[in-house]
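*Asks:* Quick note, the sequences are listed as chains Z, X and D, same order.
In case it helps, the numbering used here puts the first sequence at residues 1 to 357.
In case it helps, the numbering used here puts the second sequence at residues 358 to 638.
In case it helps, the numbering used here puts the third sequence at residues 639 to 940.
Simulated from the structure, these hints should not be mistaken for lab results.
Incorrect hints may have been included.
[Stated by the list, open to error] Calculated lysine to any residue pairs in the SDA-like style (CA-CA distance at most 20 Å, straight line):
1. Z:K333 with Z:G191
2. X:K469 with D:E645
3. D:K833 with X:F406
In case you want the letters, here they are:
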Amino acid sequence: MLNKPNHGVSRRTFLQGTAAVGVSVSVGSKPAWAQEDIVNVYNWPTYIGETTIETFEETTGTRVRYDLFASNEELIGKLSAGNPGYDVVVASDYAVDLLRKQDLLLPLNYDLIPNGDHLEEGFRNPVFDPGRIYSLPHAISTIGTGFRKSEISREDASSWGIYFDNAILSGKKSLYDGSRLTMGIALQFLGYSVNTVEEKEIHEARDLLIAANEGILTFAPDSGQDLLAAGTVHAALEWSGDILQVMLEDDDLDFAVPKEGGLAWGDHWAVPTGAPHPENAMKWINHVWDPRVQAEIQNTIRYGTANAAAKEFINPDDVNSPVVYPPAEVWGKTEPIIDVGHANRLYDDAWTVIRSS
Amino acid sequence: MRTFSSKRIGKSKVIEPLAYTKRSVIKLVIFVNLLFLYLPLLVLIAFSFNDSKRNIVWRGFTFKYYEKTLKNDQLMEALTNSLQVALLATFFATILGTMLGLALQRFRFPGKGPVDAWAHMPIMIPEVCMGVSLLAFFALVKIPLGLFTITASHIAFCIPFVAIVVRARAATIDPAMEEASYDLGASRIMTFWRITLPQLAPGIIAGALLAFTVSLDDFVITFFTGGPGSTTFPIQVYSMIKFSVTPEINAASTMLIVLTSIVIAVGLVLHAKTSEKDSEL
Amino acid sequence: MQNWRDEKNEFSILMLPPAFWLVTFFTLPLVVVWVYSFGNRGPLGETNLGFTLVNYVRAFELVHMAILWKTVWITIIVTALCFAFGFPMAMAISFAPGKWKLRLLMLVILPFWTNLLIRTYAWIAILRPRGILNGGLKWIHDTWYSLIGYGVEEIPKFVPWEILYNDKAVVIGLVYVHIPFMILPIYATMEKLDKSFLEASLDLGSSQMRTIFRVMMPLCMTGIVSGAMLVFVLTLGNFIVADVLGGTNSLMIGNQIARQFGAARDWPFGAALSFVILYATFILLWLRSIYAARLEQRDAKR
């Protein structure tokens, strides 16, 4: 029922658009929805609690309109052309960095977000947003290997090396279809930083991956957990949260963060420049940072929280799970992916060669 | 494999030479084609009853995803948006595309070569390139993104699909019919309405079906030209890749398939009733 | 074909509205990206305008040409297969008795009103090692060995056919996605074809095969060409199928372009790559148009 009135609104926008073209294409009137008490949320689907929207509308009286995108790059592309009306968005680490540096984010107004105080110490000063001026975490996870226990031991799965040894699980391994992530694990295996800008190191990682192509089944478009569940592969490079979801349905699956380090990953709430209702956006972030609401979100999506006060409301199984909250010594070794500026081209060129040889 | 030796088949039963559908080879072709087309559809329908959060392993039968889908307002709104855009885009693109197809088929004009090639460009251009260009353009001329911009863009890339098919059809039409009509004193409009259009009909129908198909399925251009409140079904599906496409999507698709089948079946029955004479052709 | 000067009004009425729409919502926007293609990528992935040909030079690098070459090959195979399956299907539809005609047409198009991505995902369930296809093959394998007298324990292990995550799967997926774009144009020209030509050919003693190849195909050539063209350009630009069903080296030019606008955030290069392909197809279509006009003139002279 929540979204019912939307039809009217979209039609209004639609008609207004028609009128705008009819009169003159250069007339940039403020759309009808800009004046309403509404918050336009832009996020992935199934990446929010089941009751989050409902409780927000009940407590604030502000209506929520929830729209979807598929990748960080789509989000950046759309915002850099001019924010079409989104108030609050979810972006991953490096995307926050890029948006912030292009002046595409508004600083958070912490007066309206008292719940921001619950932020754990360890998350207060990330490289991509020092001092948390622009973003607050939505969900935290690690990237490692999801594996089938009956096919490979935890010890073996705890090294990126399995992907580069064609004798191990040949044709039963999948990597991720993204240059930075998949090349990142090759770099880590070689002992380099996942964010290196050295051409020599990037080329070394490229050659390692080309040699490994034979033993890899495919570079999955973020569907490694599905391949694992289907028994098509026995080891998959994936996000901890995705693997946890399939672990719930299959006891034979597990997740390991490799000894070389593993990658840290976070998605964060931020308010884009040009948001028509910035205050509502702050109210929204405050709402999702309410400990109970935050707990409800994590109990639905099964990712980690950076909200210290929320943990007591989260399903104890998850709080004690090393998959969701890796031990400090593991988490301490992980590296986040951040933007590498012009070196991005080196990664992309290398990726082209890997994917076509 | 595909031989049509009438002698061999003719031994058992006499088949008229052009009654191809009565030939077992053609029957086999139809069967193989339909199997190819419908096997994936059966798989996705089966998984809509799967008691699992994902479409991978069979974990028992359930109806719960149908319940969830019907309660999922966001998904329902996305479906409504998609249908609205596809129907409007098909309607306008069919008219504009038919005009374009006819103009290119019938007339000789200076610069026809490049104009002809230009009219096909929306199909040739990589979708993402067109999407980005529209995004930048709408931002430049300050048209707010939403269902209007989506529909306008869909019309643009649907026009060539219609034009190509209509043009191919128009090329096979015998001009003598129209000339006869003029000779008998019919007006231009009358001739177009009574002679040209009915002859073009299979092309227009085929073109409209293609336009509807590409519009309903478009993700890339829709994404770049959409704004708040204009999420369509394909956007809903594609943005699910990050996690997993849930059986709710299968349930929604199954309902859509059943619904469209019913609409089509009713339409066909009505059509059959009104044109029984025609069906003898 | 008429000269436009003879029928200025009719020509303008037909030509101007679609031309206006395409200029406004296609060509003008495209100019923006065309300008981008001469710009350069800033350190954050932003597009800086300027004038440089680096992006075009880069587009002609060997590695991209190799990807294009492979893509063209796959596209040709896909187009040929679409024709091989689509032509008889179009024939079946247009020669079907009245009420079956529309039914078959609808049966062909209906699957395509389901989302492309989920249909492609469904192919995974069919083609994967423990999928439907291999399940069927395993059943045949086991039944066969037990029929020829093997005990349950002696049956050799069934080795699944590896048909997923390689180019075979990509071809299957692409044919599946694009076959209606072949069937419908052919159907449109074949429908209500003057059947006396076919009858004449048969009466004169030609075989059915010969009649189909020598009479029917030439008569529907415009539809075949249109269908082949649609399938060709759509396959060339597709990237989703290779993403979902392809193996480690399945990169097609469509993926390469999509990635420039995505993860690489290099819009100028993505634009340049797109325009290289666009120019190539544009020239091909122009040549086709000139060729068609020549043919027409030659026919007119006869």
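*Asks:* Work down the list of hints and note, for each, if the structure agrees.
*Replies:* Taking the hints in turn, this is what the structure says about them:
1. Taking the CA atoms of K333 (chain Z) and G191 (chain Z), the gap is about 12 Å. The hint holds against a cut of 20 Å.
2. The suggested pairing of K469 (chain X) with E645 (chain D) holds, with an alpha-carbon distance near 16 Å, which does not exceed 20 Å.
3. Note on K833 (chain D) and F406 (chain X): the hinted pairing is violated, with a Cα-Cα distance of about 48 Å set against a maximum of 20 Å.
In terms of the numbered hints stated before, the structure departs from hint 3 and from no other.
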